[in-house]
Amino acid sequence: MGSSNKKKKEKKKDFQKAKLKVGKAKAKAANFTDTSFKAKSISVNQQAILSEGIDAVDQFKQNLSLAVTSKSDNQRRDALAYLTNQISATPPNNPVGTSAILTKLLPLISDTSATVRTKLLALFRALPPAEVQPNVEKILMYVRGGMAHMSNIIRTDALSIMEWLLEVAGDEVVSCPGGWLKTLNSFTSMLGWNPSLVSALSNQGWTSSSKPTLDARKRGSEAQVKQIQVLTQFLVAGFKPETPERHNPRAYWDNIYRLPGTPSPFAHLNLFGTPRDEDSEMYPDRPLRQRVFDAKWRGAIAAGVEGAKKEGGNVGRAAASLNRVLNDGTGDGILLPAR
Amino acid sequence: MPKRKVAALEKVEADLVNLQYKIRRDPKSYAQEFYDQWLAYDAQRQIFISSPTTASSDDVKKFHDLVDLVAHVADLYPEITTPYPDHLKDLLNRHHATLDKELREKIVGSLTLLRRKDVIDSTNLLTTLFPILISTPSKTLRSLLYTKIISDLRESNSKSTNHRLNRTIQTVLHNLVTSDRTSTKGMWATRITRELWRRQIWTDAKPCDVMKEACLSDNEKVVVGGVRFFLGGDKAREEMEDDSSDDEIDMKKLKHQSGINKKTKKRQKALEKAVDKVKRQERKKNAPHPLNFSALHLIHDPQGFAEKLFQKHLQNKKNRFTLENRLLILQLVTRLVGLHKLTIISLYSWFAQYLTPKQASVTSFLASLAQGTHNLVPPDAIEPLIVKIANEFVSEAAASEVAAAGINAIREVAIRQPLCMNDTLLQDLVMYQKSKDKGVVMAAKGLQSLYREVYPELLQKKFRGKAASMGLKSGEVKQWKFGEEEAGGIEGIELLEKYKEEQKEKKKAEKVGEDGEAKDDDEDDDGFNSDEWEVGSSDSDDSSTGWINVGDSEDDEPAPKRAKTDSEAPGLVDADKENAEVEANRISKLATTTILTPADLLKLQELRREANIDKAMGNTSKRKKELIARHIDEGVTADDIELPAQLGKKSTKEERVALAKDGKPGREEHKSTQAIRKSKKEAEGKSTTNKEKARKKNFLMTIGKARAKNKRSLQDTKKALKAHIARSKSGGRRANGT
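In the order they appear, the protein sequences are chains A and B.
Using the working numbering, the first residue of the first sequence is number 1, and each one after it goes up by one.
Using the working numbering, the first residue of the second sequence is number 340, and each one after it goes up by one.
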């Protein structure tokens, strides 16, 4: 009874006329919109649907931003496909430059959608290698981040990016700051051969704890094969004998008076950056790389390879080739300076 | 190839929270996963550092999550995460101004988390946070850091005082205040010190030193912070203590609830916690009160401090502080002068320019003057001020409030230094008791009664009053000279002496009664009865000295009789006086010749209390002394000066209404008392009483019973009524009362 009364009253309220009172402002209507404010600009949180009226540059930029910010997988994928088309066209249409594209798209390495990641790799492959080389340090950071991702699939895809990077800029990868030791660290951690981890695990007691999650069953032998293969490529790039440069009679004067042709030619001096530790240091030439490799990683990786060889199959085959590189790279007859 | 099963953590959407949970449960098995995340963190950190200002929101979010994960499990993998705290500190130090807000908060939170997990120590944390607190432009970050710093200091001092840490931080604060005296950065030093003082975490002289330096700063805000600390810090501390004891738990209610409500582990735990808390509170209550000195007493070199403060902020004509703040500083200076009996002669001449009725908040100046006077101030220094007050404030032409305030101010000064007055002026002022205004009358009478006690010779004979004139005649009222101090002693020691004598007499008499011979009590003479050292044995049987005090103290003898003897035979009086002196000398020796046992002290306290009750009946001079003591502890306020002016005034209707409404429940609309009570009950979450329920019960439901009742026989009715009475006596059907 009470509730129906209440309802009746409420219903009535809608039709009651508001009383006007002298000296009081008129009551605002229910659909009143406040227009008293002023704004210099309005940002609209929607994309334009029309694509005709926009010129090519704007469309490129729009797709670039869509590829990163869009919530929908498909939209991201399509945007990437568009970008790839534009870049690989003849002549290539790239109004923002490779560096800007990389800066924007690198976070997509650990994107959740598999199609987006494959499209991303395709886009990267379309980029001109010469323009990728100066950005290697940055790309490597993201690749290392991807290689440490929790999801196995993303790790594998990050390895594909690594493969591409080694193809287009192998020298830069192994010689940029942190490129040698940090990347090796990531590789060994992926494969479960990391000595620092082992020491952290078995620091007490005399029993050796079992290697819990490192075996191939969990990681998948397929993935492990790929990991070993890419590591092999990486080491090959690192141990590649340097071809001596042809004698350039003007090199001396170029050095003194000409502007250098490469970006940041004095990077190894690290004049303006923060002081680097051992891991993030640059190892620009082969003997240096070999020396730190021998000191820090040879034992761990060799032990890991031994283990992997015993598994046989694809993994064993990959490990055997890695072993070959290990022996070739360091046993090629070049004498290392005395330690 | 068959599709491989994907483990939960390997899924693309696997979250770090889940991983964190697993790592914490089984750190060894998940070391590999953690190491991966550590590498991811490292990579993400480098990405971030390479361009901290332009990092995309996605990267920032990822970094944020990884920082969170590593912070939570850092204590499980100490070898791997060794550089982690340094990373965070470095990030915060370099980029705190440009960091994303959430990330910044996360980094600060992670650092404190590491502190809680004992990965880093407090000094490390605080020396990181403190410089940022001072330098950051962000208000939110400042407040966050402030709370973190305070809570960490509290935490590290909770079990036992961490002297090393406190010393470090106090030194940092001290340096902060002294390094740059013009900057507002000292504000943080004062805020932190004040808060920790309030919470009784810092109670020693070092924080007072920090505040002292703050008072001598050049920045107005810092100075006011320091001054307010000295004026109100101790009161805040006491209030804090009172507050903490307020939130008491109703144990009975909780037990009752636990008996009725569903029994769950959670409720059980809550109950146990409450019991624990109550026990802790009890223990705290019974614990001996910590001896906390007030900040004003802990100042090192108060004379130098007060002088500097006065010269720098008050005497200096170039000082541009607001009047309000200058008044605060003046209050502190005069408070120090009064409390420590300091001598700053120039202070009094400085006062002269402010003692006119037109001066803004002149009552505060008057109160400060009174506060800054003590018995060691030369009367010459104050006399001109008193004359000035009298001339400016007290005249027939002045408004009654002004006159009352003036006389009262003079009285407050005279309480502390009675020699500041000459007789003509006093005569004038006392004559104001013939005024028409009640406030003025009361003030003048107050002055008169003060001088009756402290310096009756200055009053005209007709104003001296009976007690004072007789005291003068008998020589009992003694005129103190400038600089003369009352000989100190233990208050009430003569009462103890007397009591002991009585006890001894009683015992002797008893012994005589029992044995027929007075036993020598030489064996007790040394006074080291073992049971006397126990406070519990308050009925200590015997006095410990061989001193025999025959006479009573002079206060107790009737004065008129003495007066008579005085007038009759001067020689005899002299002898009497000598006698009294000897007596006084003797009495004071009780404390010097024997060691007072705890039992003695307890008795002394008791006797003192009794004596005080006696004195409250008649003797007013004690009351005056107490008044002075109160002022020394609390200082004089402008209200004290203004008070008598309010005496004669009638309150307005609004004031009366406000007074009547005070403390009564709010009544926004017109409502019955019942309705208010009911809504109050509902707000407290209580239901109706059984009586109310019975009253509201539907008539049709009760009618059957009512009819049946009507048909009862007389016997049955009687039985029912009797049972009702019995039941109500035993507390209802459920016997709630028993």
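There could be a bad hint or two in this list.
[Said to hold, decoys possible] Per the computed footprint, the stretches of chain B lying under chain A, defined by three or more beta-carbons under 8 Å from a beta-carbon of chain A, are:
1) 372-378
2) 667-679
[Unchecked claim] Stretches of chain A that chain B covers, calculated by requiring three or more beta carbons in the stretch to come under 8 Å of a beta carbon on chain B:
3) 140-151
4) 182-190
Because the hints were derived from the structure by calculation, they are not lab data.
Note that beta-carbon positions come from the ideal geometry of N, C-alpha and C, so glycine has one too.
Hints versus structure:
no. : hint    : in the structure
1   : 372-378 : holds (count 6)
2   : 667-679 : violated (count 0)
3   : 140-151 : holds (count 9)
4   : 182-190 : holds (count 5)
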